[in-house]
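First to last, the sequence lines map onto chains V and R. 16 is the number that this note's numbering gives to position 3 of the first sequence; each next residue is one higher, with no gaps. 305 is the number that this note's numbering gives to position 251 of the second sequence; each next residue is one higher, with no gaps.
Hints were generated in silico from the structure; no laboratory data involved. As the structure is a prediction and not an experimental result, all values here were calculated from the model. C-beta atoms are modelled at their ideal positions from N, C-alpha and C, and glycine is treated no differently. It is possible that part of the hints are untrue.
Claimed, not checked - Facing chain R, according to a computed beta carbon distance under 7 Å, are these residues of chain V, among others:
1) Thr19
2) Ser128
3) Cys140
4) Ala145
5) Lys147
6) Ala172
Unchecked claim - From chain V, some residues computed to sit far from chain R (all C-beta separations above 10 Å):
7) Pro67
8) Ala105
9) Asp106
10) His120
11) Ser131
12) His134
13) Pro137
14) Ile138
15) Arg148
16) Phe175
17) His179
18) Gln236
19) Phe259
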Amino acid sequence: MTPVETHSIAQFAAKIRAHALRMVHSVNASHIGTSLSMADILSVLYVRVLRVDPARPDCPERDRLIVSKGHGAAILYAALAERGFFPVEWLADYCQDGSKLMGHVSHHVPGVEVSTGSLGHGLPIGCGMALAAKREGQLHRVFVILSDGELDEGSNWEAVLFAPHHQLDNLTVIVDYNQIQSFGSVKDVLDLTPLQAKWEAFRWSAKEIDGHDLMQLEGALSQVPFETGKPSVIIAHTVKGKGVSFMENQLAWHYKSPSKEQLEQALREVELPS
Amino acid sequence: MRTAFIDTLNELAEQDERIWLLCGDLGFSVLERFAARFPKRYVNVGVAEQNMTGIAAGLAMSGKIVFTYSIANFPVMRCLEQIRNDVCYHNLSVKIVAVGGGLAYGYAGYTHHAMEDLAIMRVLPNMTTLAPGDPVETRLLAKAAAARPGPCYLRLGKAGEPVIHASEPAIGIGKAALLRQGDAGTVISTGGTLGMAMKAAADLAERGVSVSVLSMPCLSPLDTNAVLAAAQATRRIVTVEDHGVGGLGSAVAEVLAASSVHPGFIAMHLQPRPAVVAGSQAAMHAAHGITSSEIVRTMLSLCEYE
Numbered sequence: 014m015t016p017v018e019t020h021s022i023a024q025f026a027a028k029i030r031a032h033a034l035r036m037v038h039s040v041n042a043s044h045i046g047t048s049l050s051m052a053d054i055l056s057v058l059y060v061r062v063l064r065v066d067p068a069r070p071d072c073p074e075r076d077r078l079i080v081s082k083g084h085g086a087a088i089l090y091a092a093l094a095e096r097g098f099f100p101v102e103w104l105a106d107y108c109q110d111g112s113k114l115m116g117h118v119s120h121h122v123p124g125v126e127v128s129t130g131s132l133g134h135g136l137p138i139g140c141g142m143a144l145a146a147k148r149e150g151q152l153h154r155v156f157v158i159l160s161d162g163e164l165d166e167g168s169n170w171e172a173v174l175f176a177p178h179h180q181l182d183n184l185t186v187i188v189d190y191n192q193i194q195s196f197g198s199v200k201d202v203l204d205l206t207p208l209q210a211k212w213e214a215f216r217w218s219a220k221e222i223d224g225h226d227l228m229q230l231e232g233a234l235s236q237v238p239f240e241t242g243k244p245s246v247i248i249a250h251t252v253k254g255k256g257v258s259f260m261e262n263q264l265a266w267h268y269k270s271p272s273k274e275q276l277e278q279a280l281r282e283v284e285l286p287s
Numbered sequence: 055m056r057t058a059f060i061d062t063l064n065e066l067a068e069q070d071e072r073i074w075l076l077c078g079d080l081g082f083s084v085l086e087r088f089a090a091r092f093p094k095r096y097v098n099v100g101v102a103e104q105n106m107t108g109i110a111a112g113l114a115m116s117g118k119i120v121f122t123y124s125i126a127n128f129p130v131m132r133c134l135e136q137i138r139n140d141v142c143y144h145n146l147s148v149k150i151v152a153v154g155g156g157l158a159y160g161y162a163g164y165t166h167h168a169m170e171d172l173a174i175m176r177v178l179p180n181m182t183t184l185a186p187g188d189p190v191e192t193r194l195l196a197k198a199a200a201a202r203p204g205p206c207y208l209r210l211g212k213a214g215e216p217v218i219h220a221s222e223p224a225i226g227i228g229k230a231a232l233l234r235q236g237d238a239g240t241v242i243s244t245g246g247t248l249g250m251a252m253k254a255a256a257d258l259a260e261r262g263v264s265v266s267v268l269s270m271p272c273l274s275p276l277d278t279n280a281v282l283a284a285a286q287a288t289r290r291i292v293t294v295e296d297h298g299v300g301g302l303g304s305a306v307a308e309v310l311a312a313s314s315v316h317p318g319f320i321a322m323h324l325q326p327r328p329a330v331v332a333g334s335q336a337a338m339h340a341a342h343g344i345t346s347s348e349i350v351r352t353m354l355s356l357c358e359y360e
């Protein structure tokens with residue numbers, strides 16, 4: 014990527030972080046920490062990787078993205094709006110009475126493939142989509158974003174067994190590995206280490222990267238499949254609350270919503286230096 | 055019923071390339087022909103019902119009509135949230151097929167007894183809930199399930215059930231069939247108790263009591279008109295099912311309670327009492343009071359009560 018291209022992704026990421034902060038503030042909503050940890054992943058996907066057309070959201074040849082960690086809805090809606098799937102003005106109605114923008118990812122929103130919120134559902138669905146494409150020789154790809162806490166769910170591991178058995182190399186998982194789950198650190202609640210070795214033992218092709226380094230993200234996502242005949246997994250090391258100093262690595266920001274003063278400070282922090 | 059189902063599915067798959075079949079590592083001596091004929095549309099996903107249902111949802115989102123196949127509660131309860139969120143909420147053409155409905159796997163024990171499945175399935179959004187009463191209904195309803203867009207639950211018995219319908223009934227989604235016309239009462243049956251209901255009606259006729267038999271294989275959407283017509287015409291209703299509370303009896307009671315018709319009504323169903331000893335389906339039915347003689351006794355008690 015050229016510096017200009019990297020800068021345009023960074024601008025996109027800054028915009029969607031700001032949107033998500035305003036959205037959760039306006040309705041006193043939760044889950045800003047998880048939104049911020051996923052912001053750079055979504056930005057690289059929507060600016061550089063996904064072959065999607067906002068004018069034709071149902072186009073059969075489109076790449077599919079399933080955000081299985083459905084509590085990250087705010088940042089996904091922000092990304093979809095910035096990518097042109099619906100007007101940015103809709104974001105102001107997030108979680109308001111009558112808004113399509115529900116607090117967990119909803120397929121009633123243009124550009125969303127699958128409603129999620131209960132964890133452990135996205136990867137099996139992604140396997141089904143990838144299997145359909147594989148068996149019919151279609152070229153679109155399937156991407157699934159999982160949280161780390163979500164990997165506690167056994168249904169994921171059923172799918173992790175399934176995908177390599179069926180050689181679903183059109184399937185890519187991105188783990189948003191921010192090390193903090195709903196009620197504690199991953200290490201304390203249910204340790205996932207060694208995570209890369211686990212995926213590799215299940216016969217996935219795995220890479221670990223810095224999930225906030227746009228070059229690394231773009232490098233990994235543009236190389237999939239890493240190996241022909243194998244599904245790919247990108248373990249993206251991230252920081253919960255990334256970009257806002259007082260939110261970073263704080264469990265409380267899984268739940269809290271910023272006050273007016275906190276919002277103003279957060280917006281200043283996520284802004285790109287001009 | 056199992057044989058009628060798989061024969062019908064093979065025919066449907068011959069005609070419609072969108073039809074896929076997933077199984078959870080069960081189906082020995084049943085699914086082999088489909089697997090051999092349509093290998094690209096068949097997957098044994100392994101012993102993993104949550105994944106099976108999620109995969110079915112992903113395939114259906116890709117334009118397929120997907121049948122998932124397993125036994126008793128496995129394709130229903132083990133993956134209930136996948137059915138609710140992934141299949142029903144997205145209104146996908148996933149057709150869940152369970153063999154061994156009710157106490158069909160009698161001696162196998164409570165883990166293999168589907169006694170609550172209809173109650174659960176019939177309240178889910180967009181779900182069509184079907185429990186055919188014989189191989190003829192199975193054929194008709196398997197076709198109807200494939201043709202109707204959206205989620206469907208098809209609860210089958212096992213193999214070797216007798217044919218009850220002499221000819222093809224006008225049965226379908228939301229459409230019950232009257233097998234026998236009487237005026238003293240109506241026995242409404244869903245699923246594998248249809249033969250029992252017919253036997254009871256014959257026995258009642260010998261005693262000079264003429265009752266209707268209404269086969270109600272579709273619990274959602276329910277044929278409410280048929281229920282109300284039976285209540286008005288015959289004034290006494292007995293429901294019977296190889297299933298616990300919450301199934302046919304509850305569905306019929308909901309219709310009657312909200313109507314201005316108040317017939318004599320008794321719901322015969324399995325008790326919420328898991329098996330503690332082995333037994334055949336017939337022996338277990340007897341222990342739960344689900345027999346043709348018990349239907350006779352129940353209908354007569356309604357007649358005497360007045």
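Broken hints, by number
The structure conflicts with hints 1, 5, 10, 11, 12, 13, 14, 15, 16, 17, although it agrees with all the remaining ones.
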